[in-house]
Every structure is written in structure tokens, then in C-alpha cells.
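Q: Given chain A, work out where chain B should sit, using these hints.
2 protein chains.
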Amino acid sequence: MDTGDLQQRIHHRFGQVKLMEAALTHSSHANEQEGDGDNERLEFLGDAVLELCISEEGYRRFPHAPEGQLTRIRSQLVKEKSLAAIARSLDLHRHILLGKGEELQGGRDRDALLADAFEALMGAVFLDGGFAAARKSILHIFGDKWPEAEMLPETKDYKSRLQEVAQERFRDRPVYVLAGTSGPEHEKVFMVDATLPTGACFRGVSSSVKRAEQEAARLGLRALNVPDDE
Amino acid sequence: MDTGDLQQRIHHRFGQVKLMEAALTHSSHANEQEGDGDNERLEFLGDAVLELCISEEGYRRFPHAPEGQLTRIRSQLVKEKSLAAIARSLDLHRHILLGKGEELQGGRDRDALLADAFEALMGAVFLDGGFAAARKSILHIFGDKWPEAEMLPETKDYKSRLQEVAQERFRDRPVYVLAGTSGPEHEKVFMVDATLPTGACFRGVSSSVKRAEQEAARLGLRALNVPDDE
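Chains as they are written, first to last, in the UniProt record's numbering: chain A, 1 to 230; chain B, 1 to 230.
Do not take every clue at face value.
Below, in silico cross-link-like pairs of lysine to any residue (SDA-like), each with a Cα-Cα straight-line distance of 20 Å or less [to be verified]: (1) B:K210 to A:G106; (2) A:K210 to A:K100; (3) A:K100 to B:V175; (4) B:K100 to A:C201; (5) A:K145 to A:D91; (6) B:K136 to A:A133; (7) A:K81 to A:T71; (8) A:K100 to B:M191; (9) B:K100 to A:K81; (10) A:K81 to B:E187.
Keep in mind that the hints were calculated from the coordinates and are not lab data.
Extracted from the complex, chain A is given alone in its bound form (with noise of 0.2 Å):
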């Protein structure tokens, strides 16, 4: 097959084309051919490297970015539609190689089909040219995909913001503390008592402290009528 193109597009040159050629081996193709390799294992490893390469661009391009929108974002980015439109875009699918039954039934237009394949083909990048390789083809790939840091939702983080306006109203901070726990120990809950300079005391209870201590927060807000955007 004819994958200078497709080679281009993802900036890599393939120094081991048959990695490529397994990337874009659907199984149906590889059950036909009596087992040539096809490419669920390659699939398995790329969307790791994905998730990888994601991540840490995520983390850098984003640098006040709390975790739970770091992972919002690449949730985003590397779901199967996202990946399914990035395969289209790539002419993936032009070049993967399928069963006949599977080619009958529309299998070469199907997301998952092609996020699948274009998660082995970013496995076959970094088994051929090492982690620098495979990150400089995705980031290329996902360049224009990014959101604008400006563009970010505002995130729910009661805490921060109540720590903010106790500063601002009360020159001094809420105190945080962990009222106790009951439950037995699979499905412990936590309570979280969050005291305004004011003694003001609201209480959150939650599986997780983190979460308690954000719904303690958020009580706190809402009685200092601060609006919590919901």
C-alpha cells in the first residue's frame, strides 16, 4: 500500500513499515489471512501512549488547571468520536486493511473501527521511534484541537472560592476540619466541618473527604450568599 501520504500527515516516517502495516490490520482482516497479525495489541499500547502525550501537554499548556479539568479535557480529545474524526482526517481510512464481511457492513466508516485504528497506529509510531517520536506525530496531530485556556469552564472548586471571600470579608481563612466518619469501612462516609472566621459552621458529608470539604465549602458559600454558578 501506498502510505507516503499518510506517513506525512502524521509526521513520521516509518523506519519498521511493517508496524505500520499491522496498525491498519483490522482482526476481520488478519481471521481471513489466517492470523497475520492485526492490530489489538497495537491498539492497547497506543492508547496509552495517547493518554500519555495527551496528558502531559494537557498539564503544560494548562498549568492552573485543577486534575478534574485536565481530565475533562482529554476525555475530550482522545474520546472515540474525537479519535474517529482524526482517522477521516487522516485518510486512515482508505488504508486499513478489513475483512470482507466487516468492508460489507460499513465497518471502514465506523468510530470505533477507526479510533481503534488510530490508536494502533500511534502505537506502532512509538514502538518505531521511542516516546519523542510518538509525541511529536500526536501533538502535531492534536495541534488545532485544544481548547483556549480562556474558553475553560469555570471549575466548581467551593473551596478556593470560599477561601477567597473569607480573606476578602473576614481578613482571615475558613478552617477545615474532618468531624468524624461512620459507615462501615466499604462504604465509609465522611463528614467535613468548614468554620467561617465568623464561627459560622457548615457541615459536608461525602464518601471522600475531598468532597465533603468541597460541600462544606460550598454551604458556606451559598449562606454568605456568594453564587456558586450552578
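A: Relative to the frame of chain A, chain B by itself:
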């Protein structure tokens, strides 16, 4: 904090000690200290670093393991309980900076907290020394945690087994045909017919073509009295 021992145990000497310190700072401590950096963003990154390093090593160690098996091996290695055990064996808990509330509640010995700190530490190694440094550290730490190739559970790849059996008994392969689909788009089911060289036909039905094929193959194996290792 004196972390010479720790750095030795993870086979990485930090150039940017601040990264290591951030990795060992739980949010409960950072919150007490007026929002110093905590380890949550590093944990986000480290999770992906770990995932890729373990995926790559699994891919190399088990060249014949199908994707599903690689996924299971990886899950075992990186699940919270496993990472917490590793954190303990590294004496990580002695180095973690905790808030007072979390400390009083025994947070220093919580699996989730320990696993997160270990992930964050691997994220810090990655930022400090690059992918090669993270891989070296992770492969060292997981050195003796891998299953032996011989100990891997036999995978239930009915299709491959049916092909072997058919070749052996009938000198020909079974043929798989997608016989049809039904149901609305979001809960579509696929019907796959596996036809043996003898003409006997077995229908698998599933929400994915792959699983329908496996199911059809399983029925074929059963009809041929091949034990399916259930």
C-alpha cells in the same frame, strides 16, 4: 525532608527537588499551607506515565498475549491496592506531607492516598528526567511483580481455537458471515454465522461483531465436542 533513601529506592535522583516535594504533598497539607502546590496534577500525569510504561513492558514481555490479557495484567499491576503496597514498600508514607485532619484520621495509611502519592511521584520523575527516566524507575519498581508467562490464564479465544480444530479435522477454516443486525442504533445487536467446512452453521448474537464471532465459534467448538475450558 531527607529523601536520599527514597530516591535510591525509585532509582531516580531528582534534579528538580521541588517536583518531588510537590509529589509528596497531599492536598490536605497544601490547603493548610495557604495553597502551596499539591500533588493532584502530578497524580493526573503520573497515572498516564505508569499506564504507558506498564503497557509497553507488558506488550514486550508477553508477545503472544492478546489485547484482553494485556489489559487484565495491567489492571492487576496498577490497581489502587497494588500501588498502595508499592508505596509502603518504598516507605513513601514516611515522606508524605499531610494536613492535620487527614493525619488524625489515619490518612497516612489509606490505600487511595498512598497510591495517588506514588502516581504523583512517577509523574514527577517523568517531568524531571523524561520518559526514559520514568520507564527506568517504573521497570525497576515493578521488577518482580509481573506474572510468569506460563502462569497466564488460557484466554478464551474461541475463534482461534475453532480455526485450529477445523484445519486439523477438515483441512479448511470456518467462515464467518455477518448475518444481520437488529435493534436501534444505540443498542444494536449483531448476528454472526460461523459455518464449518462440514456445512454446520452456528449463530452468535452480541452487541459487538467481535463478541458475536466469539460466541458463534464457542457454539461450534461445543458442537465439535471440544472442551472450552469453562
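Q: Please go over all the hints and tell whether each is borne out by the structure.
A: For each hint, the structure was consulted:
1. A C-alpha spacing of about 15 Å is found between B:K210 and A:G106, which places the hinted pair at or below 20 Å, so the restraint holds.
2. Annotation: proposed proximity of A:K210 to A:K100 is violated, straight-line Cα distance about 52 Å (limit 20 Å).
3. The straight-line distance between the Cα atoms of A:K100 and B:V175 is roughly 11 Å, inside the 20 Å bound, and the hint therefore holds.
4. In summary, the hint linking B:K100 to A:C201 is supported, as the alpha carbons are separated by about 19 Å, within the 20 Å threshold.
5. Distance hint between A:K145 and A:D91 is fulfilled; the C-alpha atoms sit about 17 Å from each other, no more than 20 Å.
6. With a CA separation close to 19 Å, the supplied pair B:K136 and A:A133 stays within the 20 Å bound.
7. Taking the CA atoms of A:K81 and A:T71, the gap is near 17 Å; set against the 20 Å cutoff, the hint holds.
8. For a cut-off of 20 Å, the pair hint linking A:K100 to B:M191 stands: about 15 Å separates their Cα positions.
9. For the given pair, B:K100 sits about 44 Å from A:K81 by alpha-carbon distance, which is inconsistent with the 20 Å threshold.
10. In summary, the hint linking A:K81 to B:E187 is supported, as the alpha carbons are separated by about 17 Å, within the 20 Å threshold.
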